[in-house]
Amino acid sequence: MTEEKKNKNNSSDDQDMMKLVDNLNRKDDVNLNRRAFLKASFGTTVAIGLATTPFGVMSAVQNDKDDSERVEIADANELAVGEAKNFSYPTEGDTAVLVRTPDDKYVAYNNKCTHLQCPVFYEHKDNVLLCPCHKGYFDVNNGHPIAGPPQRELPKILVEVKDGKVFAVGREYRHG
Amino acid sequence: MDKKRAAFLSIFVFLAVNVISLARVIEGYYGKEYSHVYPFMFAALISTALATVAFFIWKKEEYKN
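Those sequence lines, one after another, are chains H and G. In case it helps, our numbering puts the first sequence at residues 541 to 716. In case it helps, our numbering puts the second sequence at residues 316 to 380.
No wet-lab data here; the hints were simulated from the structure. Careful: at least some of the hints might be erroneous.
Stated by the list, open to error - For lysine-lysine, the following BS3-like pairs were computed, each having C-alpha atoms within a straight-line distance of at most 25 Å:
(1) K379/G x K579/H
(2) K652/H x K347/G
(3) K375/G x K318/G
(4) K645/H x K625/H
(5) K579/H x K318/G
(6) K665/H x K702/H
(7) K675/H x K665/H
(8) K579/H x K319/G
(9) K374/G x K319/G
(10) K375/G x K319/G
(11) K375/G x K579/H
(12) K347/G x K579/H
(13) K645/H x K705/H
(14) K675/H x K625/H
(15) K702/H x K645/H
(16) K319/G x K379/G
(17) K645/H x K665/H
(18) K652/H x K665/H
Isolated chain H (complex conformation):
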C-alpha cells in the first residue's frame, strides 16, 4: 500500500471516529440509563394496568350467566329429618346434596369437595358433611370446612320450600 493511500485511509478513519461520537450520544439515550429505565417502568405499569381489563370483562360475562334457574329438587315430605338426597344443579355435571337438618331446615351444597373434588356425603350421626377421600369435614349449616385439608367452603345452593316442594333457586360460591 502506498503512503498516499495510507494517509487517505487514516483520514477516513478519523471521519468515522468523529461520527462515532454522535453515535455515543444517541446510544446514551437508547441504552439502559435513567431515562430508558423510567420508560420501561412506565410501559410495564401500563401493561399490568391494562391486563386487569380482560378479567373484568370475563367476570361481567360470568355474572350474566348466573345460576338463577328455578329447579324442583324434591317433595318436602320426601326427606325425613336427618336425611339427604343427591341431585344436580345447575347442570347435570354439578352434583349436589340436599340435607334436611336436625333443626328441620333444608340446606343444599354442590358436593364436590373443595380440596380435590371427591364427592361429599352427609353423615347423619355427626351431622356433618364428610369427604371420605382425605377426611375433610364441612359444617352442614353453612358449608364451611371444619376439619381436614379443605380450605374453602362448598358452593351453596339457595333453596326455597313452596307448596310442599323444595326448589333450587340459585348458587353462591363464596358465602358467610
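With the hints as your guide, set chain G onto chain H.
Below, chain G alone, put in the same frame as chain H:
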C-alpha cells in the same frame, strides 16, 4: 421535591399499585368473587391513567433543554 422528581417516583408507586391490583383481580376472578374484581380493575385503570399523566409531566421536564 421538584415536579420532575415527583413524577419520576410516582410512576413506581403506580407500578406497585397495578401489580397488587392485578394480583387481586386474578384472585377474585378465579375465586369466583366477581365483586372483588371490579374495584381493583378500576383502581388499576385509574392508576394507569395517572401514571400516563406523570410520565408526560416527567418527559416534558426532562427534555425541556
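Outcome of the hint check:
The hinted pair formed by K379/G and K579/H meets the criterion: a straight-line CA distance of about 17 Å does not exceed 25 Å. With a CA separation close to 16 Å, the supplied pair K652/H and K347/G stays within the 25 Å bound. For the given pair, K375/G sits about 10 Å from K318/G by alpha-carbon distance, which is consistent with the 25 Å threshold. Annotation: proposed proximity of K645/H to K625/H holds, straight-line Cα distance about 14 Å (limit 25 Å).
Distance hint between K579/H and K318/G is fulfilled; the C-alpha atoms sit about 17 Å from each other, no more than 25 Å. A C-alpha spacing of about 28 Å is found between K665/H and K702/H, which places the hinted pair above 25 Å, so the restraint is violated. Note on K675/H and K665/H: the hinted pairing holds, with a Cα-Cα distance of about 15 Å set against a maximum of 25 Å. Between the alpha carbons of K579/H and K319/G the distance comes to roughly 14 Å, so the proposed pair stays at or under 25 Å and holds.
Distance hint between K374/G and K319/G is fulfilled; the C-alpha atoms sit about 8 Å from each other, no more than 25 Å. Between K375/G and K319/G, the direct Cα distance comes to roughly 9 Å. Compliance with the 25 Å bound is thereby established for this hinted pair. Annotation: proposed proximity of K375/G to K579/H holds, straight-line Cα distance about 13 Å (limit 25 Å). Distance restraint check for K347/G and K579/H: the Cα-Cα separation of roughly 35 Å exceeds the 25 Å cut-off, and the hinted pair is therefore not satisfied.
A C-alpha spacing of about 13 Å is found between K645/H and K705/H, which places the hinted pair at or below 25 Å, so the restraint holds. For a cut-off of 25 Å, the pair hint linking K675/H to K625/H stands: about 21 Å separates their Cα positions. For the proposed pair K702/H and K645/H, the alpha carbon gap of about 13 Å is at most 25 Å, so the pair holds. Note on K319/G and K379/G: the hinted pairing holds, with a Cα-Cα distance of about 11 Å set against a maximum of 25 Å.
Distance check on the hinted pair: K645/H and K665/H sit about 17 Å apart at the alpha-carbon level, within 25 Å; holds. Of the pairs offered as hints, the one joining K652/H and K665/H holds, with about 21 Å between alpha carbons and a cut-off of 25 Å not exceeded.
Checked against the numbered hints above, the structure violates hints 6, 12; every other hint is satisfied.
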